[in-house]
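Going down the list, the sequences are from chains A, B and C. For the record, in the first sequence the residue sitting at position 418 is 418 according to our numbering, with numbers rising by one throughout. For the record, in the second sequence the residue sitting at position 436 is 436 according to our numbering, with numbers rising by one throughout. For the record, in the third sequence the residue sitting at position 374 is 374 according to our numbering, with numbers rising by one throughout.
I should point out that these hints are in silico values taken from the structure, not numbers from a laboratory. These figures come from a predicted structure and were not determined experimentally. A virtual CB, placed ideally from N, CA and C, is assigned to each residue, including glycine. Among the hints, erroneous ones may be present.
Claimed, not checked - Okay, derived cross-link-like pairs now, EDC-like style, lysine to aspartate or glutamate, Cα gap no bigger than 16 angstroms in a straight line: (1) B:82 to C:350; (2) A:252 to A:149; (3) B:82 to C:460.
Said to hold, decoys possible - One side only, chain A facing chain C, incomplete, derived with CB under 8 angstroms: (4) 32; (5) 33; (6) 42; (7) 45; (8) 222; (9) 227; (10) 239; (11) 360; (12) 366; (13) 375; (14) 379.
Listed below, chain by chain, are the residues.
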Amino acid sequence: MWLTLWENAIRRKLRELAEGQRPMVIETQGPSMSRYRGYFQRDVPEEDKELTHVGPGTPCGEYLRQYWQAIAVSSEIKDLPKAIRLLGEDLVLFRDLGGRVGLLHRHCSHRLASLEYGIISERGIRCCYHGWLYDIDGTILETPGEPGDSAAAAKLRETNQHGAYPACEYKGLIFAYLGHPDKTPSFPIYDTFEIPGVELVPYSVIFRCNWLQVTENGMDPVHSMFLHTRVSDPQFSETWGVQGEVQYYDGKLAVYCTIGRRVLDNVWVRVQENILPNITQSGAVLSMDGKTTKYFGRNSFFRWCVPIDDTNTLVVGWASFGDRTDPKEWNTVENIEKLEQGEVFDRSYEEEQRRPGDLAAQTGQGPIAIHKKEHLVSSDTGVAKFRARLRREIRALQRGNQPLEPREPPNGPIPTYSGDTVLRIPILDPQNDVRLIRDTVKSVLKILAEGDQLVGNERDERVILGLKELESHYQ
Amino acid sequence: MWLTLWENAIRRKLRELAEGQRPMVIETQGPSMSRYRGYFQRDVPEEDKELTHVGPGTPCGEYLRQYWQAIAVSSEIKDLPKAIRLLGEDLVLFRDLGGRVGLLHRHCSHRLASLEYGIISERGIRCCYHGWLYDIDGTILETPGEPGDSAAAAKLRETNQHGAYPACEYKGLIFAYLGHPDKTPSFPIYDTFEIPGVELVPYSVIFRCNWLQVTENGMDPVHSMFLHTRVSDPQFSETWGVQGEVQYYDGKLAVYCTIGRRVLDNVWVRVQENILPNITQSGAVLSMDGKTTKYFGRNSFFRWCVPIDDTNTLVVGWASFGDRTDPKEWNTVENIEKLEQGEVFDRSYEEEQRRPGDLAAQTGQGPIAIHKKEHLVSSDTGVAKFRARLRREIRALQRGNQPLEPREPPNGPIPTYSGDTVLRIPILDPQNDVRLIRDTVKSVLKILAEGDQLVGNERDERVILGLKELESHYQ
Amino acid sequence: MWLTLWENAIRRKLRELAEGQRPMVIETQGPSMSRYRGYFQRDVPEEDKELTHVGPGTPCGEYLRQYWQAIAVSSEIKDLPKAIRLLGEDLVLFRDLGGRVGLLHRHCSHRLASLEYGIISERGIRCCYHGWLYDIDGTILETPGEPGDSAAAAKLRETNQHGAYPACEYKGLIFAYLGHPDKTPSFPIYDTFEIPGVELVPYSVIFRCNWLQVTENGMDPVHSMFLHTRVSDPQFSETWGVQGEVQYYDGKLAVYCTIGRRVLDNVWVRVQENILPNITQSGAVLSMDGKTTKYFGRNSFFRWCVPIDDTNTLVVGWASFGDRTDPKEWNTVENIEKLEQGEVFDRSYEEEQRRPGDLAAQTGQGPIAIHKKEHLVSSDTGVAKFRARLRREIRALQRGNQPLEPREPPNGPIPTYSGDTVLRIPILDPQNDVRLIRDTVKSVLKILAEGDQLVGNERDERVILGLKELESHYQ
C-alpha cells in the first residue's frame, strides 16, 4: 500500500479539518497536487455514431433492421393498440379480432391521427378520426368518408399503402421485421426454443440507455465477478466471484466467450454467446454455482436488445426454467428481474446505490456511452471483439453485401452453445491448474461442436457422452 | 374482401404460431411481403411553417395578431397575476384594483423579475423586486428605488414604456390585441353575442398541439360521423352518423360548410363556420338530432383557438344554452367539455383509447402535424379550403395589404349563420333524395342570407318566415 | 397622478364591459393606443455569455475555477456517494472509510459506469461494474479484472489518472478546487470563520437559475427595501423599508456597499460585501432593526454561489448566530431559509405569488437573465459595478494574468467588514440629515479599516473604541 509519512500527515490534518480546526494550507506546489487531473480531462468527445445511432437511414439502424426482432410480450397486447417506438420510429402494435398482429406506422395516412386511439377491428385497425380501416399489411381497406362509388377513393386505396411491417407471434412473444421487404429473411429457429423439460417464460424490460451498452454486456463475463458478486453482496452464488479463465471467439453467426473456473474438485465451464446482432444468451444464473456436476447445461435466457431509439432500449425475450438450466422453482417475476440485471427493477435510488445491478451500471454509463473516454483492458477483449464485429458487419452492409443470415440446417434448428458444464476434475498439479482449466474448456468446446450435425436428443446424447468420457480421464 | 387460399393458409399458420408451434417460414419472395411498405415511408418531412409557426415575426403569427383574441375567462383572474404565454411570448395577465385588465410582457423592465410575482395595485401592477409600478398600458408610473427628485429617473419613465397589449373584458371573457398598435381594429360584435333567451357560459381548455389542428377541425364535418358516432359509442345523437351532403363555401370573413341530412321525414340542414382566422362556431351539439322541426337554430359555441406557441393551443370561448340551441338543462361543466371535444377532459389513457374525442384525435396528429404525410380526399375539402384561405390572407398581409377586418354593419352586429334548421320534407322520390337535400340546403342558405340587412327580431322573423314557406311547399 | 377626463371615460366604459354591456369601440387612432408598445419590444436578445456561461473552457468558468468553492454540507455525505454537477461537469462526491473526501469525475475510467453507484472503500471508491478502485486523487489503485501480475495493467494504472479535484472539509462544509492543479491556491481563512460566541451553521440550497442572478443580489441593497419589506409584509423588520443612503466601493478582493439609515435617534450603518468572485456576506438579517445601539456587529451568513451549470446554482455556506449578529434563539431551519431568501423554501405557487422572496425574484428573471432587456438606474450601481469588476477579472485571466488571490496577512485571517453598526446620533438639522448620515457612514468605514492590521480581540477593541468615540461627539 501507498503509505508515506506525508500521507499520514495529510490524514492527520484532514482529520483536524473535519474536527473544525484551522485547515492546513494545502500544499500547492507539491507532487500530490499534480496528481489531481480533473482539470485536464474535462473534454466530452462525440459518441461512436456508427455503432450507436439507430434511427432511419443510419448504418447501424439499417443493420439491425435486417433481422427479425422480438418487440413485445404477447400477453400485453389485448384489445387495445399499443403505441411503441422502435429504431427511432413511432409505430402502433395491435392484434385484430381475427388474431393477427399488426405493426403499423403510428400516424394515419389520411390526416395523421394516432392509431394508438384506433379501434381494433375484425380485420385490421380503424382510425378513430374518420374511420379509415387498415389491414395488418397497411392495405387501406376502407375510406368511409368518401362516397361508396368514388373512383378517386378506390384509386387512392389501391395506389397507396399505409406503412406497415410484418409481425408474427411465437411462444408468447411478438416479432417484427423492419427491414427492406424484398429481403425479408426467414424466421430463424434456434435450438433453445424447444428443449424438452424447459419452459420458456416471456418477459420484457426497458433500459434507459443506448442498445450497445445493454448488449455488449453479454461479452463481459468479468463484470459478473464484481457487479454481481464481490462488490456488494453476491446477487448470484458467491462462486461467481471466482476469477475465471476467459476466452473469446468470433463465430459465424455469433461471438462467444467461455469462462473456466475451479470450484473445489470441479472444473466449471460456462459458455455465453451474443448472436449477431443483438441477441444475448447465457447459462443458468440463479442456481448455478459450479458445485454440482452437470453435463451440457442449457441457457437461462434468450433476449433481444432492441433499440427504441438512440437512448432507450427494449429488452424482450424468454427466461428458461427446467432441469437443464435454472430449475422451475426459480420461476417467479422477481427472479426473472434478477436474471435480467442481478436485482429487481422497482427499487429506490438508495437501494440501487447500495446494491447496484446491470441497470445501474449500464444506464450510469450515460444515455450513449462515450467510448473515447474508456480505457479498455484485457478483460474487455470480448466487448472489443463484439464492437469490431458489429462494425465489420455494418460496413459490409453499407458496401452492398448480403447481411449474415441465420438459417436452420436441413435437419433441425440452429445449434447454440450457451450453458454450463461442470466436470469432476480435481486439481492435479496446483502450479498448472490454470493450464488444466484451459485445456478442459477447449475440450468441452470441441465436444459441443461435435454435436452440430445432430439435433435434439441425438445431439444431447452425443455431447453428454463426450463430456462424460472427458471427465472419466480424470478419475 | 381480399381472401385467397393463401391468406387462409397464413391465418392458419399464424394461429399455430400463437399456439406455440413451429412457425412457418414467412414467405420472403411472395407478393404479400412487398405490400409491407413501412421501410419506404419512414421519412419525416418538415411541417408547413407558413401556417403553423406563430412566434414573434413569423408570417402566421403576424396574421393572427391582427385580430382581437379571447385569452382567458374573467373569473380566473382574481387578486393574483397569471403567467400566460401567447403567440410564443411570455406575458402576465392581471386585473388591477380599479377593475382594469392588463396584459404585460412578463419580465420587469428594470431587472427582469417576473411580474407573475407582482403585486396587484390600485392602478396597475407593481414588481416585487424593487417596486416599479406599471400601468396597464405599460407606462412606468413609479421607480421607487430612485430619489423622488431624480431627473434621470423621471426621464427614464417618460422615454420608456414597458411592453403591454390592450385588453378588455366582455361577457365573462378577457380579450387582447397583440398586433401593431397603430392598426388596432375595433372590437367586432357578432350577432351570437346577444340572442334573447340564450345564455353565454365562458370556458377555456388547452390542447397540447399546434393551433391549426384544433381550428381546421371546424371545417371537417365528416369526422363527427366517425369520431363522435360510429367509431365507439355515439358521443352525440346517433343521427350524427348519417352520412350527409356536404358543401363548402369561401365567404368574405369566414369559411363555411353545410351538411344536409335526411332524418326520417325531415331534412336537417346544419351550418358550421370558421370565422377567420381562428374562431369556430357551430350549431347545437348535445341535443341536436334532426328529429324535431327547427327554424333557424343558432350556435352552441363560439370559440377562439389561440396559439400559446407552436405546439400548444388555448381554446377560449362561450358555450351557448337556450331554446334556440342546446337547452339550458344541458348547461353543466361536463357537458361543456363534451361540447368541446366529445368527451370530458380528465380521463385515464385507457379511457381515451376506448372512447377517443377530439383531444386524442388532434393531439395524436403530433405536436405539429406534418401535412406532407397526409392523403387528403374529397371529404377534406373544407380543411383544404380553409388552409388555402389562411395562406392567401397570410401572404396578402406579407405583401402589405390591409388585413380583412370584421366590422359591424351600420345597423347592428355582424351576422353569422351557424346553426341547425330541420324542416319536415318527406322523401319525394327515393332515387332523387340526394338532389332534394342539396336543393333544400341551397334554399336554406339563400333564406339565411336574406336576413343580412336586418337585425335582431326582425332578422329572425324574416328568416323563420322564409323557412316555413320553404317547408310548406312540401306538405 | 395621471388622470384625465378621457381616462375616466375609459374606466367607466371598461366597467360597463365587465358588467357585460356592449363594449365601446376601443379608440384605434388615439394617442392611448400608441402607448401599448408590446408589439415593438418582442425581441429576445442573447444573454451575456462572458458573465454567465460557466462550462468547461468558458472564460467565466475558468475564472470561477481559480478559487476554492464550498460544494456541500459535510453531514449530507455519509456512507454513499453523491452525484453532483458543478460548473457543467458531472462528478461524484464521497467520503471514504478513512474519512477523506474525494471529488471525482463521475464516469469510471474503465468503461464509464457511474461512480454514484460506487462502493465506499477503506481508501477511495470502488466502481460497481468491474471493481476498479480509485483513490481520492484519482490514482487507479486496483484493476481487479486483470491478472495480478499483468504488466499492461500496472502500466495503465501508473500512466493514467482518473479525473479528480482536491477536496477538504472545514467547519461542516466540504470544499473543492476545480482549477489548474499547478495553480492551486491556499485555502483562504476569513475573519468571520472564527468569531468568539458566534456559531456557524452549515446549510445548502439550490436556485434554478444562473449563478450571476443569485450572486449580484448581494450588491443590491435597494431590493431589501421592497422585496423584503414594502411589497408584501415585512419579511424582516419594517425599518428595512427605510430608504437608505447607499454607496458602493470597489475593493481589492471584494466589492462593498454601505447603507446608512436614520432610525429615530440612531444612525444605522450596514456593510454588505461580495468577495470575488462568488461569495456574499452581509450583516444580521432576522433581528436587525436599527433601533438598538450596536458597535461592530458581524455577519449573519457567508455563502458561496456555485454554478451547477448555466441555469442552476448551488448556494452553500454558513448562517451565523450569536450576540454579534442574529442571536442564537433565531437558529432554526426555517429561519435559515428566511435568511437565504426572505421566506421558507417549500411553499405553494400561490404562497410564492403572495409573498415572493429572493427565490421567486431571481428565478423569475429567467434561466439566464437577458441583460440587454434591462433598464438599470442609479440604485443598480452596485450590481453594475459588480458585473464590470467580474468582467475585468475574467478578461485579465484570459490575457494570462494571475488571478486575484485572497491570502491571509502574516498575523491572522483576512479581515472583512460585513455587519451593522448602530450609533446614537440624533437629528441635528433636519435639512442636512442626509449629509450627517453620509458622513457617519464614511467615518464608520474609516474606523473599520483602522483595524486591518490587528486581529481578533485587539481588532474588535480598536474598532469598537473608535465607534464609541465617534458616537460620543454627538451626545
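Right, here's what the structure says about each hint:
Between residue 82 of chain B and residue 350 of chain C the alpha-carbon distance is near 10 angstroms, which keeps this suggested pair within the 16 angstroms criterion. With a C-alpha separation of about 56 angstroms, the suggested pair residue 252 of chain A and residue 149 of chain A falls outside the 16 angstroms cut-off, and the hint is violated. Of the pairs offered as hints, the one joining residue 82 of chain B and residue 460 of chain C is violated, with about 51 angstroms between alpha carbons and a cut-off of 16 angstroms exceeded. Checking residue 32 of chain A against chain C: minimum C-beta separation of about 7 angstroms stays under 8 angstroms; hint holds.
Because the smallest distance between the Cβ of residue 33 of chain A and any Cβ of chain C comes to about 5 angstroms, under 8 angstroms, the interface hint for this residue holds. Checking residue 42 of chain A against chain C: minimum C-beta separation of about 4 angstroms stays under 8 angstroms; hint holds. About 12 angstroms separates the beta-carbon of residue 45 of chain A from the nearest beta-carbon of chain C, more than 8 angstroms, and the hint is not met. The interface hint given for residue 222 of chain A holds, since its Cβ lies 4 angstroms from the closest Cβ of chain C, which is under the 8 angstroms cut-off.
For the restraint placing residue 227 of chain A at the interface with chain C, the shortest Cβ-Cβ distance is roughly 5 angstroms, inside the 8 angstroms limit, so the hint holds. Checking residue 239 of chain A against chain C by beta carbon gives a least distance of about 16 angstroms; that is not within 8 angstroms, so the hint is violated. Interface hint at residue 360 of chain A: satisfied, since its Cβ lies 5 angstroms from the closest Cβ of chain C, which is below the 8 angstroms cut-off. A least Cβ separation of about 6 angstroms between residue 366 of chain A and chain C falls short of the 8 angstroms threshold, and the interface hint therefore holds.
Interface hint status for residue 375 of chain A: upheld, as the beta-carbon distance to the closest one in chain C is roughly 5 angstroms, under 8 angstroms. Interface restraint check for residue 379 of chain A: the shortest CB-CB distance to chain C comes to about 4 angstroms, inside 8 angstroms, so the restraint holds.
Of the numbered hints listed earlier, those contradicted by the structure are 2, 3, 7, 10.
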